[in-house]
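Visitor: Protein chains in written order, with our numbering: chain F, 1 to 152; chain A, 1 to 246; chain E, 1 to 93.
By construction, these hints were calculated from the structure, which means they are not laboratory data.
Treat the hints loosely; a few may be bogus.
[Claimed, not checked] Quick list of in silico lysine to any residue cross-link-like pairs, SDA-like style, CA-CA up to 25 Å:
{"hint": "1", "chain 1": "F", "residue 1": "K121", "chain 2": "A", "residue 2": "P114"}
{"hint": "2", "chain 1": "F", "residue 1": "K121", "chain 2": "A", "residue 2": "L121"}
{"hint": "3", "chain 1": "F", "residue 1": "K138", "chain 2": "E", "residue 2": "V21"}
{"hint": "4", "chain 1": "F", "residue 1": "K138", "chain 2": "F", "residue 2": "C110"}
{"hint": "5", "chain 1": "E", "residue 1": "K74", "chain 2": "A", "residue 2": "Q87"}
{"hint": "6", "chain 1": "F", "residue 1": "K121", "chain 2": "F", "residue 2": "C110"}
{"hint": "7", "chain 1": "F", "residue 1": "K121", "chain 2": "A", "residue 2": "I239"}
{"hint": "8", "chain 1": "E", "residue 1": "K74", "chain 2": "A", "residue 2": "L129"}
{"hint": "9", "chain 1": "E", "residue 1": "K74", "chain 2": "A", "residue 2": "P114"}
{"hint": "10", "chain 1": "E", "residue 1": "K74", "chain 2": "A", "residue 2": "I239"}
{"hint": "11", "chain 1": "F", "residue 1": "K138", "chain 2": "F", "residue 2": "P108"}
{"hint": "12", "chain 1": "F", "residue 1": "K121", "chain 2": "F", "residue 2": "G142"}
{"hint": "13", "chain 1": "E", "residue 1": "K74", "chain 2": "E", "residue 2": "A14"}
{"hint": "14", "chain 1": "F", "residue 1": "K138", "chain 2": "F", "residue 2": "R117"}
{"hint": "15", "chain 1": "F", "residue 1": "K121", "chain 2": "E", "residue 2": "A75"}
Each chain is listed here by its residues.
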Amino acid sequence: MNGWLAAAAALMALGVAPVLWYAATGPLRRRVAAQNTGTLLVCLVLLLLARGYDRPPYTDIALVVALLGPVGTLVYARLLGPEMGDDPQQGPRATVFAVLATAAVLLPLCLAESPGRSLIKLLVIGALLVGGNIVSSKALAGARPEEADDRG
Amino acid sequence: MNRRQRLWVLLLGLAGVAALLVAAAFRLPTFGSDFHPYGDRAVHEALARHTANAIAAVNFDQRAFDTLGEESILFGAVLGTVVLLRQARDEHQVTPAPARVAAPVRRYALVLLPVTLVTGLYIVAHGQLTPGGGFQGGVVAATALHLLYIAVDYRALERIRPLGLFEVGDAVGEAAYLITGAAGLLAGTAYLTNALPLGTLDSLASGGTVPLLNAAIGMEVACAVVVLLARFLDQAVEIEEEGDRS
Amino acid sequence: MADLLIALALLLVAAAATAAVAVREPARQALALSLLGLTLTLLFTVLQAPDVALSQLAVGSALTPLLVLLSVRKARRRSLDRVRAEQQAEERP
């Protein structure tokens, strides 16, 4: 029994599963926000798995999620902006949750890691996750119909 | 043949496939067992050629010819898209209007662009050592460039994207793979044989031809994705049918 | 433990794939599709296939949504323009 893998399983069942539901139902803006949270949770699960399986190279997958996840959300915010203009704005809850979840997963991981390149990689991934999440929520909130412009 | 008969033929075919699948499933080794005849041989061969990532050894050494086929499929597919999505005679080009993007988003994207580009190159360069390789890294690097469209606007992307060069790069990547394969012929063995010095295991220059083929794929994929997205973006942003909004 | 993770990942993939089929509108379908890509990444990782997971991730997270949404935009603009042209034709005496 490996605590890291158990945490990854819990995060998959209690985090990723509800996100699937939110991303498939409801107003468009909420769906995109759910997709954004989904990339964050999957990144955290991948970090836990890399540690749990004791395979440091797996961290690269989490790094790619942390980089490209927000890019995906920005694509949606850019190209679906006009369509989700009238949807209710999302509160700050999702961002608060994202920051807390990242801290809750990364702190133990960093404490378990010996100082070195892999620790720096973990910190970079954490910074990318928090920064990416904040920025993509901002992009999502900024998508309004009057800025709708179907060219450019 | 009428509809009913065709349905019966379909059902017959489906039943045959189902029977074969079930029969095959019962003969499979049990899930999670220690018996991996192919895996053991592949890993043995990979270590013999000093390639730490066994998957890279399978893709670029043991079955390099398969990868040549896959690369050519991508090359052909992008070529087909370029032909299909070209500007037709009854279409004209319009200048895209600059888009308004929130300042923090723009700043974040401009910081993220070089980081993503370097990560893509890192994944290509470490293909023979860690998970990843030419395909994965190439796509990540190509995606990085398009942050300019997503967070600034299309004209900003067009300025740093000399499309002709990327089209040449696509072809050069494909040709580099073919020519590296011919190195085996020069060494007196078969096409695509790993004939170069193998280097030390777990260093960047290990695996003989593996890193070279990997780099060729990385170049081909990155350029192909840029060219592919360029055609899609042109169609969605710049090209309009004759008689559309004046 | 490993089997539990594989079972969980398989369930998530099945749920996401069902959602991707059940959602009918293309733009919303692209969203369901990117979540399917994320769950597939998890599945490939727990099956110890990180190379495949990376491939799925590289293609599925930004490239596929961009291609789908650009196509949707082009198709919509075309039909919108056609509707406008018809309206103009009707307004003219």
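Visitor: Take the hints in turn and mark each one as holding or not.
Guide: Hint by hint, here is what the structure shows:
Distance hint between K121/F and P114/A is fulfilled; the C-alpha atoms sit about 16 Å from each other, no more than 25 Å. At most 25 Å may separate the alpha-carbon atoms for a hinted pair to count; K121/F and L121/A meet this at roughly 16 Å. As the CA atoms of K138/F and V21/E are separated by approximately 30 Å, the hinted pair breaks the 25 Å bound. A hinted pair counts as satisfied when its Cα atoms are at most 25 Å apart, and K138/F with C110/F does not qualify at roughly 28 Å.
Restraint check: the Cα-Cα separation between K74/E and Q87/A comes to about 14 Å, which is no more than 25 Å; the hinted pair holds. For a cut-off of 25 Å, the pair hint linking K121/F to C110/F stands: about 10 Å separates their Cα positions. This hinted pair does not check out: K121/F and I239/A have alpha carbons roughly 43 Å apart, beyond 25 Å. Only pairs whose Cα atoms come within 25 Å are accepted, and K74/E paired with L129/A is rejected, the gap being roughly 42 Å.
For the suggested pair K74/E and P114/A, the alpha carbons sit about 30 Å apart, so the restraint of at most 25 Å is broken. With a C-alpha separation of about 9 Å, the suggested pair K74/E and I239/A falls inside the 25 Å cut-off, and the hint holds. In summary, the hint linking K138/F to P108/F is not supported, as the alpha carbons are separated by about 29 Å, beyond the 25 Å threshold. Restraint check for K121/F and G142/F: the C-alpha separation of about 31 Å exceeds 25 Å, so the hint is violated.
Taking the CA atoms of K74/E and A14/E, the gap is about 31 Å. The hint is violated against a cut of 25 Å. Annotation: proposed proximity of K138/F to R117/F is violated, straight-line Cα distance about 31 Å (limit 25 Å). The suggested pairing of K121/F with A75/E is violated, with an alpha-carbon distance near 42 Å, which exceeds 25 Å.
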